[in-house]
Amino acid sequence: MVETSKTRWTMQSNSGEPFANVDDHSSKTFSEFYSCHIARVYRYILTNVGDSQVAQDLTSESFLAALKNFHRYRGEGSPSAWLLGIARHKVKDYFRSRQNPLPLESVISIASITPSPEELAEQRFQIAQVTKALRALSPNRADALVLHTFAGLSVGEIGQILGKSDGAVKLLIYRAVQDLKMFLAPEKEGLKNGQE
Amino acid sequence: MDKSEKSAEDLVEFLTALRDEQATPHSLSLSEEEVTLTKELVSLAKAVDPDPHFVREVEKRLLALYKAEQRSTAPSLSNFVADLVLIWRLTMLKQKRFVYAIVVGIALMVSVFTVLPALAQFTLTHFAPREVEKLPFAGDAGTRSIESPEPYSSTSETLEERTDFTAKSESASLSIDPLISYSSDIKTLEGQAGFLVLWPRYVPPGCYFREGYYLDKPIAEIHLVYDSDNNQPCFDMIQRQADRIHRPFVGPGAVEEMDINGKAALYIGGVWVVNESLADRGTMSDRGLMITLSPEEKAKLFEGATWVEAGSQQLVFEHSGLLIRIQAGPSIPKEELVKIAESIE
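Residue numbers (our numbering), protein chains in the order written: chain A, 1 to 196; chain B, 1 to 345.
Simulated from the structure, these hints should not be mistaken for laboratory data.
It cannot be assumed that every hint is accurate.
To be verified - Covered stretches of chain A (chain B as the covering partner; in silico rule of three or more C-beta atoms under 8 Å from a C-beta of chain B):
(1) 37–44
(2) 48–60
(3) 130–141
Positions of the beta carbon are idealized from the N, C-alpha and C atoms, including for glycine.
Excised from the complex, chain B in its bound form (with noise of 0.2 Å):
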């Protein structure tokens, strides 16, 4: 050590101890000047404290906007009525072979359910996974929060008029004719949603985009579906903008940090598999076709589910301002997935 890391130690030694309030040490080489500069910066430091009105104001403000920010990333009915919504359009189309995909709607909806702590958090913005054991089901007695989407409260439709949710302890029906729009023509489907699609300059050999549907508001998405050419599922694309955020369950080490033109992206490989589908649950009303699960259905759901690493596969980042969603079955390998993302323009 020579002598000015000697005396550089000795000068953070001793404004440490000042700083800190604790005794100093003796026998350094410090000149008298010097201790008498660091003690009077010490004591400015010291001295110097803010206006207690402006600290009280700012943490007023601050805790009002954390509150606001809180409710906006709990759990939402809109991931709900998405999750089944995508259920109900996978059971019309009889893909069996979309099973997958079901179950992943169901995974999805037990947000709906429960808040409970996150077990990992990771690095996207909108899109927050978190990793458990077992899929989490509060039961009658836990905690369910369902919020009004208040963004949209505005519209002149409002979710609860479009759904029917009651207690936790009932039966959940949800009617979905009115949520969902097809159109070949993407851009009656950007006018409704409010954003214009990205499209993939790449998609694997064989894949076609097929068609797209509009999930309206509150879960304003827009789904693009890829098919091969023997009309078996391929992936879909589904965007919505990066507003609010979405935290499904996964399961444990499902999920990947990855790279994607240089920015974070997460695959999720895996699956929700539960004991039964939901394919024949839906039934015509008079308000259209109808969802209905009763508790007793969700509870066997949940409890029986378990985590299928070769089941599915997502692939998750944010682009532009949108939250990107690639989904797609075993059969795509992951590099496909990450071309296809890469390849986004």
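One chain only, chain A, in its complex shape (with noise of 0.2 Å):
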């Protein structure tokens, strides 16, 4: 026989707090869903595929696939590894549908961070860097980092998207620093040079 419990349904914030249930299926509870989880999606996207046009384009998508899948959800895990499961398919289909990944040397635009513009040129070359160090690691070691790190999801979230262990999931972000550490260091070097 079916669970017929409620509470089934009923999602689950990260604090443990009820922010939604599925039938309820208020406006505001989607408002209050998508606000919490907007700035996440896109931070990992943009991480990802290094443009924030096609971050913005592929975060609507997310949020539209998640609407329209919203029923599906069954309270089982939590609802950000579930959204963020949906921006990781995203992800992976955008380059997939490509035969080459954007050029890392097309503008990498990030709308609406500091105004200083030193400050927003460096930014643009450190998520270009990581954006391009993270394409030369482990698929799995940059979607723990970025996860953890970018959409702030926990690492049992992680696991629940990659189908890992909490201890295999630290492992990975570990070794994604670790890597990412012998990627940039060359180019820290010469970015310190040319300022020189």
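Both chains come to you apart, so use the hints to assemble them.
See the structure below:
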């Protein structure tokens, strides 16, 4: 016999507070869900694709897919992990549909960050560096690091998406940082030399 | 815990604390380089925000879509009409053994009059039964929600012209005749419905296809009627395009999730039984056969309803863009319904 408990359909936020009942379908609830996750999804996607326009498109598509499939979310696991799992698929589909990823030299315009031109230039460079380096990492390591740092997921939530244990996720993040350290070191040296 | 695991543990702890703006732990086994890189990553992550204009625009679009979806999933007049037509058909056929189906119709039409939180929702995209202890009926002060069938409003004849629904506190009347068309030629019905019927390759021994009929828009449903050799009802297969959500009320624990050829299906065992049937509600008028219910009659029907597990059964699933319901009395074993469903091509 099926589970009939209403709690089955009650989403839990990261803080443990129920934030949505699927059956209520209230606009307010969806707004809250959206506000809580838009930046996280966008950061995750931008870090992966390195282009703000593409990131915006994929972010919209992710939420659209989430909205259309809201009724399928069964309250099993974190809603953040569920949503970021959708975003992850969108990123994969994007790269699958392209023969070559976007050249990183293309403009990476990050809207609405610090207004200082120097800071803006610096951050563009860093995002480009990180995105480029992430592409050289193994996909699971890159995913684990970005989901944790940029999308704000917990180790357990990342484990849900990647199908890994907590310990395995921590190792993936650790190794991603080691790899990143290696990839970014020459870039940083180059930047320093260029500035000098 | 080996060295790598310890380092990983420390790094994630440090990273999490930075990200969540909490105090960073002391005595971690991290190099200065790792600490610096971690800080840079977190700082970069915090600095990246989507364009506020983009955020607002997407939210606006999503909310519009969300509201549209809500409208499409709300209880609709079409379900009510479909159920009354089913009642009428069974009445006209004088198949008293089909009383279970009549009361199923009553249960389904309740969804028109009440908008209540669902107690359960299941796996099908376009069929979401709601388990309730008692059939909800809002009464005169309740929240009635009858919607214009927007997708069909451009047709020459609107639902309002075909039916004569009045306020909840008044009688509800429905003219049936124009809505239903029988044909032994299924191609004719398919032409009317705008989709091709799916046929089962298996039917229980002794059952045969007797006839089909089409319930016109906004119901847009084809019913395939199977009888047994001795002209007793065997089962009905009801097909409609999976383009809207049907949300009937069912008794507690009535729904069982199943698997038909690897796809989700729902088995509903039971039926709402009421004190009286609608068998004598049909009257002839200048608009053809009419079914009329007074508010008192409606209330009486709903209040006296009890869920009887052995009364009826339905197997519901989606296949090739259609929502399919196989409905049968208790004489057909559940396994047979599954075999019918699995054989659909």
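Structure-based check of each hint:
For the segment 37–44 of chain A, the assignment as covered by chain B holds, since 4 residues bring a beta-carbon within under 8 Å of that chain's beta-carbons and 3 suffice. Remark: the segment 48–60 of chain A is confirmed as covered by chain B, as 5 of its residues place a Cβ nearer than 8 Å to a Cβ of that chain, reaching the required three. Judged by the Cβ-Cβ criterion of 8 Å, the segment 130–141 of chain A is not covered by chain B as claimed, because only 1 of its residues qualify and three are needed.
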